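**Q** The lines below spell out each chain.
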Amino acid sequence: MKDVLSLALVHLATAVRERITLFWFLIFPVFMLVILSLIFGQIGQEGEISFDITLINRDETGGFSDMIVTLFEKLAEPQANGQEPLFSLYVPNAGEDTDTFLIQEKAALRRGKRAAVVVVPSGFGETLAGGMATGRQDTASATITIYMSHTSVASEMATEIIEQMLAEVDRELLIEAGAFDPADEIAAQTIWLGKQGEETRYVDFLLPGIILMGFFTNGLFGVPGAILFNRDQRILRRYWVTPLSVPRFLAGFALGHLALCAVQFAILFSLGRYGFGATVSFLRPAAWLTLILSAVTFMAFGFLIASLARTANAGMAVANILNMPMMFLSGLFFPIAGLPPFLMAIVYANPVSYLANGLRVSLGVESSTMRPVLAIAVPLAWIAVSVLVAARRLRWDVER
Amino acid sequence: MADTVLLQVIDLVKHYGDVRAVDGISFEVDTASVFTLLGPNGAGKTTTLEILEGIRHPDSGEIVVFGDRMNRIGRAVKQRIGVLLQDGGFEPYLKVREILRLFASFFDHPLPVDTILSLVALEDKAGALVRTLSGGQKQRLAVGTALINDPALIFLDEPTTGLDPQARRNMWSIVTDLKETGKTIVLTTHYMEEAEALSDFVCIMDHGTTIAQGTPEQLTQAFGEETMIEFRGDELSEDAIEPLRAWSDGVRVDGATITLSISNLPAAMESLLAWSRERAVPLDDLTVRQPNLEDVFLSLTGRRLRE
Amino acid sequence: MGCGTMSAFRSLLVAEARILSRDRMALFFTLAFPLIFILIFGFLVGDFGAVSQSRIGLHVASGVDRSVLDASIASAGSIVVESFESLDAMENAVTDRQVDFALGWNGSTLSFHYDANRVQENYAFQQLAAGIASDFNLRRQQATPAMSVEPIDIGDVAPTGWFNIVLPGILAFSVLSSGLFAVSGHLTAMKARKVLDRMVVTPMPPVALLAAIVVVRLALGYVSTLVTLLVGVWAFGLQYNVSWLRFTVFIGCSTVGTMGIGTIIALVVRQPSSASSIANALAMVMLFLAGIYFPIEFMPGFLRAIGNALPLTHMAKAMRYATGVIDMAETEFWAITLAFLAIAVVLFPVLARYVVRPLRR
Numbered sequence: 000m001k002d003v004l005s006l007a008l009v010h011l012a013t014a015v016r017e018r019i020t021l022f023w024f025l026i027f028p029v030f031m032l033v034i035l036s037l038i039f040g041q042i043g044q045e046g047e048i049s050f051d052i053t054l055i056n057r058d059e060t061g062g063f064s065d066m067i068v069t070l071f072e073k074l075a076e077p078q079a080n081g082q083e084p085l086f087s088l089y090v091p092n093a094g095e096d097t098d099t100f101l102i103q104e105k106a107a108l109r110r111g112k113r114a115a116v117v118v119v120p121s122g123f124g125e126t127l128a129g130g131m132a133t134g135r136q137d138t139a140s141a142t143i144t145i146y147m148s149h150t151s152v153a154s155e156m157a158t159e160i161i162e163q164m165l166a167e168v169d170r171e172l173l174i175e176a177g178a179f180d181p182a183d184e185i186a187a188q189t190i191w192l193g194k195q196g197e198e199t200r201y202v203d204f205l206l207p208g209i210i211l212m213g214f215f216t217n218g219l220f221g222v223p224g225a226i227l228f229n230r231d232q233r234i235l236r237r238y239w240v241t242p243l244s245v246p247r248f249l250a251g252f253a254l255g256h257l258a259l260c261a262v263q264f265a266i267l268f269s270l271g272r273y274g275f276g277a278t279v280s281f282l283r284p285a286a287w288l289t290l291i292l293s294a295v296t297f298m299a300f301g302f303l304i305a306s307l308a309r310t311a312n313a314g315m316a317v318a319n320i321l322n323m324p325m326m327f328l329s330g331l332f333f334p335i336a337g338l339p340p341f342l343m344a345i346v347y348a349n350p351v352s353y354l355a356n357g358l359r360v361s362l363g364v365e366s367s368t369m370r371p372v373l374a375i376a377v378p379l380a381w382i383a384v385s386v387l388v389a390a391r392r393l394r395w396d397v398e399r
Numbered sequence: 000m001a002d003t004v005l006l007q008v009i010d011l012v013k014h015y016g017d018v019r020a021v022d023g024i025s026f027e028v029d030t031a032s033v034f035t036l037l038g039p040n041g042a043g044k045t046t047t048l049e050i051l052e053g054i055r056h057p058d059s060g061e062i063v064v065f066g067d068r069m070n071r072i073g074r075a076v077k078q079r080i081g082v083l084l085q086d087g088g089f090e091p092y093l094k095v096r097e098i099l100r101l102f103a104s105f106f107d108h109p110l111p112v113d114t115i116l117s118l119v120a121l122e123d124k125a126g127a128l129v130r131t132l133s134g135g136q137k138q139r140l141a142v143g144t145a146l147i148n149d150p151a152l153i154f155l156d157e158p159t160t161g162l163d164p165q166a167r168r169n170m171w172s173i174v175t176d177l178k179e180t181g182k183t184i185v186l187t188t189h190y191m192e193e194a195e196a197l198s199d200f201v202c203i204m205d206h207g208t209t210i211a212q213g214t215p216e217q218l219t220q221a222f223g224e225e226t227m228i229e230f231r232g233d234e235l236s237e238d239a240i241e242p243l244r245a246w247s248d249g250v251r252v253d254g255a256t257i258t259l260s261i262s263n264l265p266a267a268m269e270s271l272l273a274w275s276r277e278r279a280v281p282l283d284d285l286t287v288r289q290p291n292l293e294d295v296f297l298s299l300t301g302r303r304l305r306e
Numbered sequence: 000m001g002c003g004t005m006s007a008f009r010s011l012l013v014a015e016a017r018i019l020s021r022d023r024m025a026l027f028f029t030l031a032f033p034l035i036f037i038l039i040f041g042f043l044v045g046d047f048g049a050v051s052q053s054r055i056g057l058h059v060a061s062g063v064d065r066s067v068l069d070a071s072i073a074s075a076g077s078i079v080v081e082s083f084e085s086l087d088a089m090e091n092a093v094t095d096r097q098v099d100f101a102l103g104w105n106g107s108t109l110s111f112h113y114d115a116n117r118v119q120e121n122y123a124f125q126q127l128a129a130g131i132a133s134d135f136n137l138r139r140q141q142a143t144p145a146m147s148v149e150p151i152d153i154g155d156v157a158p159t160g161w162f163n164i165v166l167p168g169i170l171a172f173s174v175l176s177s178g179l180f181a182v183s184g185h186l187t188a189m190k191a192r193k194v195l196d197r198m199v200v201t202p203m204p205p206v207a208l209l210a211a212i213v214v215v216r217l218a219l220g221y222v223s224t225l226v227t228l229l230v231g232v233w234a235f236g237l238q239y240n241v242s243w244l245r246f247t248v249f250i251g252c253s254t255v256g257t258m259g260i261g262t263i264i265a266l267v268v269r270q271p272s273s274a275s276s277i278a279n280a281l282a283m284v285m286l287f288l289a290g291i292y293f294p295i296e297f298m299p300g301f302l303r304a305i306g307n308a309l310p311l312t313h314m315a316k317a318m319r320y321a322t323g324v325i326d327m328a329e330t331e332f333w334a335i336t337l338a339f340l341a342i343a344v345v346l347f348p349v350l351a352r353y354v355v356r357p358l359r360r
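Chains as they are written, first to last, in numbering that gives the first Met the number 0: chain F, 0 to 399; chain A, 0 to 306; chain U, 0 to 360.
In isolation and in its complexed conformation, chain F is listed as follows (with noise of 0.2 Å):
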């Protein structure tokens, strides 16, 4: 027993002073939960998104044309908490001819320089005041327009949320000119379906993604790594010399690796919970179980390919191959519906798809998309065909 924990330990100590591994196993992960919860869940909250717009307002008249440029510049006024306002405006110079000004900013859009240009027409105020009365509004005068690039995600955003902000003054220029009765309004009601009756937070959904891919890496790259590397280097055959036989060996490398894989967790899950406010709960037996048949499972592959391998180089090589494919055909990070049959067939073999979702269905965050009987089978299976490979191809000294 002594000799098991001792390896364990050893396993532990090298993988955390070893810089590059502490890198994947440990800094990869953290980097990627960081990025990814800052893009993900700031996108449809504002604060954190910035925009950089044209607004030319060509209208005299004054009035409602005013009232637009007015909200435009409110969103460009610098915040309280700090943070960045929603736009940057750019707009002409007092007497700068607005149609140069156009063409240059319309150049600065196809550039990427901006997301969108917003052009007032002339008459803007004067149509929408004498329209109020008449009710009917059809006219180029009073249309806003919006000069995007699909070519830019920004440029789309942007616009979208142009939109949205003019539909909203649309409604209160309705309502004050007693075309719209608000009283009359038929209230949209949101109802979210799920566990919790409330949207999931994206960090509640990212965060058990961003384990796994923890535990995915470790088995993945760790493993083969660890095992061919001491192989190559000769550090196992001093082991055989001892009275140590390969499976006490095997059990302390495997605890010492899931000690490891318990870090991970523990490391990420605090920076989900503590810095992103991940409400998401372990403790559940079913979570728990999925964890570690992850970590297992992840475990058992990193032994076949080791075993697949002549050297530590090639073992590196074919973990680098298949370490895309199947992270992102596992609909781990990105939903697989409406795959061509081929790349879906890769899904279903793939044992993280079944423990992904294993894991989040467990967590509440997600519904079953597999049957809850393969996603018990799949891994098992892959664990069973990794020990029979690696039982007789796994070589532990180098030929003489």
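Mixed in with the good hints there might be a few duds.
Heads up, simulated EDC-like pairs for lysine to aspartate or glutamate below, C-alpha to C-alpha not over 16 Å straight-line [unchecked claim]: (1) F:K112 / F:E17; (2) F:K112 / U:E329; (3) A:K178 / A:E224; (4) A:K94 / A:D58; (5) A:K137 / A:D67; (6) A:K178 / A:D86; (7) A:K137 / A:D149; (8) F:K73 / F:E83; (9) A:K94 / A:D67; (10) F:K112 / U:E331; (11) A:K137 / A:D107; (12) A:K124 / A:D113; (13) F:K194 / U:D152; (14) F:K1 / A:D107; (15) F:K194 / U:E90; (16) A:K94 / A:D123; (17) F:K105 / F:E17; (18) A:K124 / A:D107; (19) A:K178 / A:D199; (20) F:K105 / U:D152; (21) A:K94 / F:E17.
Calculated directly from the structure, the hints in this document are not laboratory data. Computed from a predicted structure; not experimentally measured.
Here the structure of chain F is known, so what remains is to put chains A and U in place on it, guided by the hints.
**A** Showing chains A and U alone in chain F's frame:
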């Protein structure tokens, strides 16, 4: 078998396809002695040792160790032996103390780590990472792992290959110290000086078999009462050397080194001086010495120990 | 270059090609990675952020007038509507993901039902729903909008999806990693194989060796980017308007430029195997921060600042311009291209000495 024999090897054979790495080798090792397998590279020394260490299995033959007869070495024997491999690595990111503790955990009755540290003189490196150690220090660490279970029988495979002279001498004193404490040591080497300095008994191997066995003295006595005269003579033709054959028992030309084997030293010296005056050959690096194992091996095989 | 140098160069070329064919890291990242990546992503991700064709469920309580609602839904764009007899059946369809979200209308309340767990997609669904709701309200009261808003798309290229924009970024990444690994990978291979050691005893000019390395890596870079581009066009019908002059020149300059950057890494780190791993790690981090998958605008301020400082970000922009996906100031493109060339030229002597030094022991 005598009570003093700790290890006996009987007709050990190991083939790799057509290659006969070990071709029927037999010997006995006495307790508290240093037994050396001497031979050039490829002689089968390491393979023999690996069989005795239990990491290779012989095709045929028997081993008697610690009083038990067996076909291959198992885990029970491994508990009681110490092994220094010819090549082997350590985890670069572990500390010396951690390595020793790890190896200690493999045995039922390990010595305290501090004892081993002082035995191999690595106390001040106890907390150092393996990757910061020099070659000699790594070798001492390896010896430490070989001694962690206080073994009665120790195998050292080429223990000083690649070491500088100082480190080599350190290793030699470790070996003799171990023998003083009653341990039995089987070592392999292709260095003649090492075999002569350390061994109680030498087994000379070539091409997988034994070609001579005995104490260093017994082996060199094959040369009888011979003395060796050696000197450096560059570019001497066969003509020039011919006269030397007349009054010496053997003449060996090895590159620039001429070695003469003679029985009457004073007479030979006179003849040699006359020859040198006649041919105007300066007798550079003139040495008079006893025959050594290199001479033995050369006379048996016609080849040098060190290629 | 003299005769001797030329023949040295030729044999070095062959040797270097052989070394490269054994450098699995470099081969993987330059050839396999981009291909695998685009194949997976091409199928995996449709339009990012936008909703191309949504499927929504609809349940109208019996006896309630639905004409206005139908009109609003129809005006919202390409939507496929599936009607349900009961609210429960409809909600099941949402959680089973048969529909993206659903509407319930009972004459007094308009309810939108979402799967709480479709975290990445709900934002877009909610946008769509908001549009339907506001159009519905206006239509009900027969109020026409006081003003209208007209988006005009002035993007030059034929409309294709987000993936069209991503692919040149991937090409840029593959050039980057090829360049980064060139030096460290080369040295690792050399140490293992000693292929070039035999040549060192000849009076071989370092220029020839360096030229050989550069030529082979350049060839690899061109082949891989072209192949990836072609696969994108053939497999996914992506459309590009490649300016071959800009494309060729840029790949040439950025390859040698990134080799220069790789030299810096190798010099700082010293051990070739660690240099390789560090280059790998850096490349991965850059991949996410350089705005290749998602626009830099979406990142918080400080990350955006980091992103804009990365060479990969500018490489991606230049590649997009050279393949006709975005528009860019011509001067900016050439500034980027020449910057890479400048890095290579400045580091040329350092590179030569560093690469050849371990040979001459």
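**Q** It remains to establish, for every hint, whether it holds in the given structure.
**A** How the hints compare with the structure:
no. : hint            : verdict
1   : F:K112 / F:E17  : violated (43 Å)
2   : F:K112 / U:E329 : holds (14 Å)
3   : A:K178 / A:E224 : violated (30 Å)
4   : A:K94 / A:D58   : violated (39 Å)
5   : A:K137 / A:D67  : violated (34 Å)
6   : A:K178 / A:D86  : violated (23 Å)
7   : A:K137 / A:D149 : violated (19 Å)
8   : F:K73 / F:E83   : holds (12 Å)
9   : A:K94 / A:D67   : violated (38 Å)
10  : F:K112 / U:E331 : holds (12 Å)
11  : A:K137 / A:D107 : violated (25 Å)
12  : A:K124 / A:D113 : holds (12 Å)
13  : F:K194 / U:D152 : violated (42 Å)
14  : F:K1 / A:D107   : holds (10 Å)
15  : F:K194 / U:E90  : holds (13 Å)
16  : A:K94 / A:D123  : holds (12 Å)
17  : F:K105 / F:E17  : violated (52 Å)
18  : A:K124 / A:D107 : violated (26 Å)
19  : A:K178 / A:D199 : holds (10 Å)
20  : F:K105 / U:D152 : holds (11 Å)
21  : A:K94 / F:E17   : holds (13 Å)
Figure legend: structure checked against the earlier numbered hints; hints not met, in rising order: 1, 3, 4, 5, 6, 7, 9, 11, 13, 17 and 18.
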